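In order, the protein sequence lines correspond to chains D and P.
In terms of UniProt numbering, the first sequence opens at residue 1 and continues consecutively.
In terms of UniProt numbering, the second sequence opens at residue 1 and continues consecutively.
Incorrect hints may appear among the rest.
Unchecked claim - Quick list of the computed label-pair ranges, beta carbon to beta carbon:
1) D:72 <-> P:25: 44 to 52 Å
2) D:49 <-> P:138: 32 to 40 Å
3) D:143 <-> P:81: 21 to 29 Å
4) P:79 <-> D:133: 46 to 54 Å
5) D:79 <-> P:81: 30 to 38 Å
6) D:137 <-> P:187: 23 to 31 Å
7) P:177 <-> D:143: 47 to 55 Å
8) P:165 <-> D:91: 39 to 47 Å
9) D:144 <-> P:187: 43 to 51 Å
10) P:25 <-> D:126: 37 to 45 Å
Said to hold, decoys possible - Far from chain P by the CB rule (all over 10 Å, computed), these chain D residues:
11) 49
12) 57
13) 63
14) 109
15) 123
16) 128
17) 147
Simulated from the structure, these hints should not be mistaken for lab results.
Since the model is a prediction, treat every value here as computed from it, not as a measurement.
For each residue, glycine too, the CB sits at the ideal point set by N, CA and C.
Now for the letters of each chain:
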Amino acid sequence: MNLNWPTAELDPVRRLRVMAAGLNAVMYADAHVDLPMTDLWAVASDLEGELPHLVPTLREFRCRPLGGDRQLGWAYGLLGHSARFDVQLRPGWCLMQSSCVVGGMAAVPEGSGTRFAVLGGLRQPWSAPLQRALRPLGRARGLLMVDRAARRAVIRAGGRPA
Amino acid sequence: MRTVRADAPQQGPPSPRAAPEDPWVTAAPLVRAAQAGDAMALNDLLSLLTPYVSRLCRPIALGNSADAVQEALIAVFQGLPRLKDPRALYAWVRTITVREAVRVARRTERETPVCEFADVAWPCSPELAVDVRDVLRRLSTEHRAVLVLRELEGLDERTASGILNISCGTLKSRLHRARHSFRKAWAR
């Protein structure tokens with residue numbers, strides 16, 4: 001009966017959901033956005049131009065390609081602190097981590113729109129109980145980030161956000 | 001924290017019967033790094049495990065295999081900090097996956113008695129795939145699970161019964177009925 005069963009890969013949003021569970025991420029949210037994936041992902045993948053608009057504590061983000069889907073990023077916060085990030089970026093998928101925090105975004109087409117997901121959390125294993133306790137708050141913040149991405153996509157497309 | 005990169009197998013183990021250890025030895029540093037909170041290592045481990053988990057889930061959960069794969073991987077990753085010996089990863093993932101696939105399939109059977117297959121992609125040998133999935137559709141979730149463990153994974157009865165939380169006697173009778181049902185449906 002061994003028929004070399006075909007395998008079904010996880011789509012990027014399901015994949016980010018699994019990552020959030022494995023990382024005990026404090027922030028995870030996904031939602032349907034009534035915009036084409038190309039418009040939404042144009043925002044998400046423009047890390048230097050758009051990430052400071054999506055993450056309120058971020059003043060600037062710089063990145064340098066490392067080859068393939070890997071990049072090296074530098075984040076500068078509003079209070080002057082900075083952090084180096086390892087970044088994996090490909091269509092529909094972005095994962096990044098510094099020595100302390102991890103972040104991610106994912107998108108898949110859904111009907112005429114897009115399912116967009118965001119993730120954020122701390123890397124330290126000791127923080128897992130704290131992150132689990134704060135998840136309701138994290139989900140609300142995640143949904144705000146999804147909303148900000150949708151608004152930026154509308155603005156980039158020349159429209160006015162609702 | 002240091003980031004561990006997988007140079008990396010993007011596919012799961014080719015066949016647990018052929019060489020069960022090597023891919024999981026490759027996975028050991030990823031497991032340790034993921035347990036320490038390395039998201040990139042966790043991501044690489046996810047790439048390593050997904051084809052294997054998917055291969056186990058599909059014949060059991062059929063049209064709901066995407067849900068089963070996701071639920072199984074969530075259970076695996078949530079339990080990863082408690083995995084003491086990375087060399088046990090293979091058997092551990094298999095146990096969790098089969099149980100999750102059975103749970104998802106049972107839940108779906110309660111909600112929709114007849115599975116839907118229109119959204120299932122079967123890229124190899126379409127005619128044979130149609131025949132096999134038609135036969136599998138006629139079997140119960142329990143029969144599909146026991147066939148996967150014994151015929152696809154090649155496990156002995158004791159190990160398979162442990163994974164399914166049933167006695168060896170129950171497994172034997174269930175396997176007998178599953179094989180009989182499969183052959184009967186195949187002959188039609």
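Hints, verified against the model:
1. D:72 <-> P:25: 44 to 52 Å: violated, 30 Å
2. D:49 <-> P:138: 32 to 40 Å: violated, 55 Å
3. D:143 <-> P:81: 21 to 29 Å: Because 28 Å falls inside the window, the suggested range holds.
4. P:79 <-> D:133: 46 to 54 Å: Given range 46 to 54 Å: violated, Cβ gap about 20 Å.
5. D:79 <-> P:81: 30 to 38 Å: holds, 32 Å
6. D:137 <-> P:187: 23 to 31 Å: For residue 187 (chain P) against residue 137 (chain D), whose Cβ atoms are near 59 Å apart, the range 23 to 31 Å is violated.
7. P:177 <-> D:143: 47 to 55 Å: Holds, since residue 177 (chain P) and residue 143 (chain D) (Cβ atoms, about 49 Å apart) stay within the stated range.
8. P:165 <-> D:91: 39 to 47 Å: holds, 42 Å
9. D:144 <-> P:187: 43 to 51 Å: Hint violated: Cβ distance 59 Å, outside 43 to 51 Å.
10. P:25 <-> D:126: 37 to 45 Å: violated, 29 Å
11. 49: holds, 24 Å
12. 57: Residue 57 (chain D) is indeed farther than 10 Å from all Cβ atoms of chain P, at 19 Å.
13. 63: holds, 15 Å
14. 109: holds, 15 Å
15. 123: Violated, since 4 Å does not exceed 10 Å.
16. 128: violated, 8 Å
17. 147: Non-interface label on residue 147 (chain D) holds, nearest chain P Cβ at 24 Å vs cutoff 10 Å.
In the structure shown, a violation is registered for the earlier hints numbered 1, 2, 4, 6, 9, 10, 15 and 16, in ascending order.
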